[in-house]
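The sequence shown begins at 1 in UniProt numbering and counts up one residue at a time.
Be a bit skeptical, because a hint or two may be false.
Stated by the list, open to error - Mimicking DSSO-like on lysine-lysine, the simulated pairs with C-alpha atoms at most 27 angstroms apart in a straight line are: (1) Lys32 with Lys106; (2) Lys191 with Lys152; (3) Lys194 with Lys230; (4) Lys185 with Lys231; (5) Lys243 with Lys276.
Stated by the list, open to error - Each pair of labels, with its calculated beta carbon distance range: (6) Ser136 with Lys231: 47 to 53 angstroms; (7) Tyr128 with Pro46: 55 to 61 angstroms; (8) Lys231 with Glu208: 28 to 34 angstroms.
Hints in this document: simulated from the structure, not taken from any laboratory. All of these numbers come straight from a predicted model, not from anything done at the bench. For each residue, glycine too, the CB sits at the ideal point set by N, CA and C.
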Amino acid sequence: MSRRQEAIKISHTVQSSNNVGFGRNIEPSEAKSVIQEIENTIFNAPNSLFKSMSPSEYLTKRVIMLENELKCYYQTEGLNQKNENLSVIQYIQVHQDDAILNTKLKLFSLIASQPAFHQLRTVEQLGYITSLSVRSDYGVLALQVVIQSTVKDPSYLDVRVDEFFKMFESKIYELSDKDFKRIVKSLTDSKLEKCKNLWQQSYFYWGEIEAGTLKFDRSSSEVAVLRELKKEEFIEFLDQYIKVGAPQRRTLSVQVFGSNHSAEFKKAINEADTPKTYRITDMFGFKRSRPLYSSLKGELHIHSEAELEGAMSRETNTHSMFYTPGRLLLANPDLLERFRKKPGLNKYDRSTFYTSPRVFGYTDYPRRHQWLSKPPMTSGTIKLSTCLQVEGEG
1 MSRRQEAIKI SHTVQSSNNV GFGRNIEPSE AKSVIQEIEN TIFNAPNSLF KSMSPSEYLT
61 KRVIMLENEL KCYYQTEGLN QKNENLSVIQ YIQVHQDDAI LNTKLKLFSL IASQPAFHQL
121 RTVEQLGYIT SLSVRSDYGV LALQVVIQST VKDPSYLDVR VDEFFKMFES KIYELSDKDF
181 KRIVKSLTDS KLEKCKNLWQ QSYFYWGEIE AGTLKFDRSS SEVAVLRELK KEEFIEFLDQ
241 YIKVGAPQRR TLSVQVFGSN HSAEFKKAIN EADTPKTYRI TDMFGFKRSR PLYSSLKGEL
301 HIHSEAELEG AMSRETNTHS MFYTPGRLLL ANPDLLERFR KKPGLNKYDR STFYTSPRVF
361 GYTDYPRRHQ WLSKPPMTSG TIKLSTCLQV EGEG
């Protein structure tokens with residue numbers, strides 16, 4: 001069979017499966033036969049156009065870790081100079097997938113979403129699109145406020161979002177125990193609802209697979225947390241992660257200026273940074289400067305010495321690790337054993353690299369058994385100054 005004939009057969013197979021699968025309901029056995037036909041045509045045909053990728057060829061998406069108590073913001077003009085629409089997205093990064101924190105964040109979103117819409121859209125009339133919701137990027141959860149408008153410039157909208165959070169804090173503190181239990185029950189009931197159709201169920205499963213979280217019992221595990229959750233614990237979560245000025249509040253504000261606010265944009269980019277804020281001028285440089293959350297897809301990808309030391313200091317549940325050790329391998333010839341036993345690392349001496357005629361620093365660093373009776377020399381922590389996702393080969 002020629003490549004052209006094989007391509008035509010694949011096209012016909014996929015088209016017929018679309019007609020069968022999406023045009024009507026089918027029996028499980030019929031669905032399996034359709035998938036088998038597609039797999040046989042694509043992968044098992046003689047001289048197949050397709051081949052499996054090696055593990056190193058898969059792209060792994062990871063999420064930038066923002067800095068505590070720092071508000072980063074990125075300001076830009078819209079690409080269409082005739083478009084008067086502008087927008088702001090305030091992103092408050094909270095945590096990597098965790099049942100307890102997930103539940104508290106979703107509970108806050110349930111409580112705050114309607115008041116945010118009422119205050120920012122109805123009362124202040126800041127924009128025709130206004131929302132507050134939970135956002136998940138490959139297992140990293142955050143709170144997200146979106147406003148799209150033509151009225152006020154994005155810098156002003158961002159300030160109003162902060163003011164809403166300051167105002168709303170008191171509403172949380174004033175919640176009665178009865179009201180808190182009622183809201184918890186509402187979220188519990190919504191999580192116990194069955195999927196209304198196969199599309200909803202499939203969307204949930206594929207979301208877990210895509211993120212690498214694989215929590216197919218997510219609803220039941222989060223309901224169990226909700227039933228034990230106390231109001232005091234929820235307020236503690238608010239004070240730690242969400243309220244303005246919280247010690248673990250990590251914020252990114254993306255502000256897009258429309259054609260009617262060019263003057264405001266020029267003024268905004270020339271303003272000096274206020275305390276505990278960071279203006280992003282180089283997006284790619286910003287991404288490279290920040291540590292990353294680990295991948296949830298069964299692998300731990302480490303790209304810096306600070307990340308390696310962090311991994312050595314905690315227990316990991318990953319199946320494998322990928323790391324380009326560089327200088328640390330020179331200073332620690334038994335690096336794998338040190339990672340397993342977690343005794344610490346030798347500090348490398350850069351001044352001895354590539355020296356001659358005598359070579360120092362390559363073969364004369366002590367192995368683990370040579371200094372067990374001596375205090376380890378650990379390399380210094382790298383301080384990195386503080387948009388979100390990066391992608392690279394696994």
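Going down the list of hints, with the structure as the test:
no. : hint                                   : result
1   : Lys32 with Lys106                      : violated, 37 angstroms
2   : Lys191 with Lys152                     : violated, 38 angstroms
3   : Lys194 with Lys230                     : holds, 26 angstroms
4   : Lys185 with Lys231                     : holds, 13 angstroms
5   : Lys243 with Lys276                     : holds, 15 angstroms
6   : Ser136 with Lys231: 47 to 53 angstroms : violated, 25 angstroms
7   : Tyr128 with Pro46: 55 to 61 angstroms  : holds, 57 angstroms
8   : Lys231 with Glu208: 28 to 34 angstroms : holds, 30 angstroms
Hints 1, 2, 6 from the earlier list are contradicted by this structure; the remaining hints agree with it.
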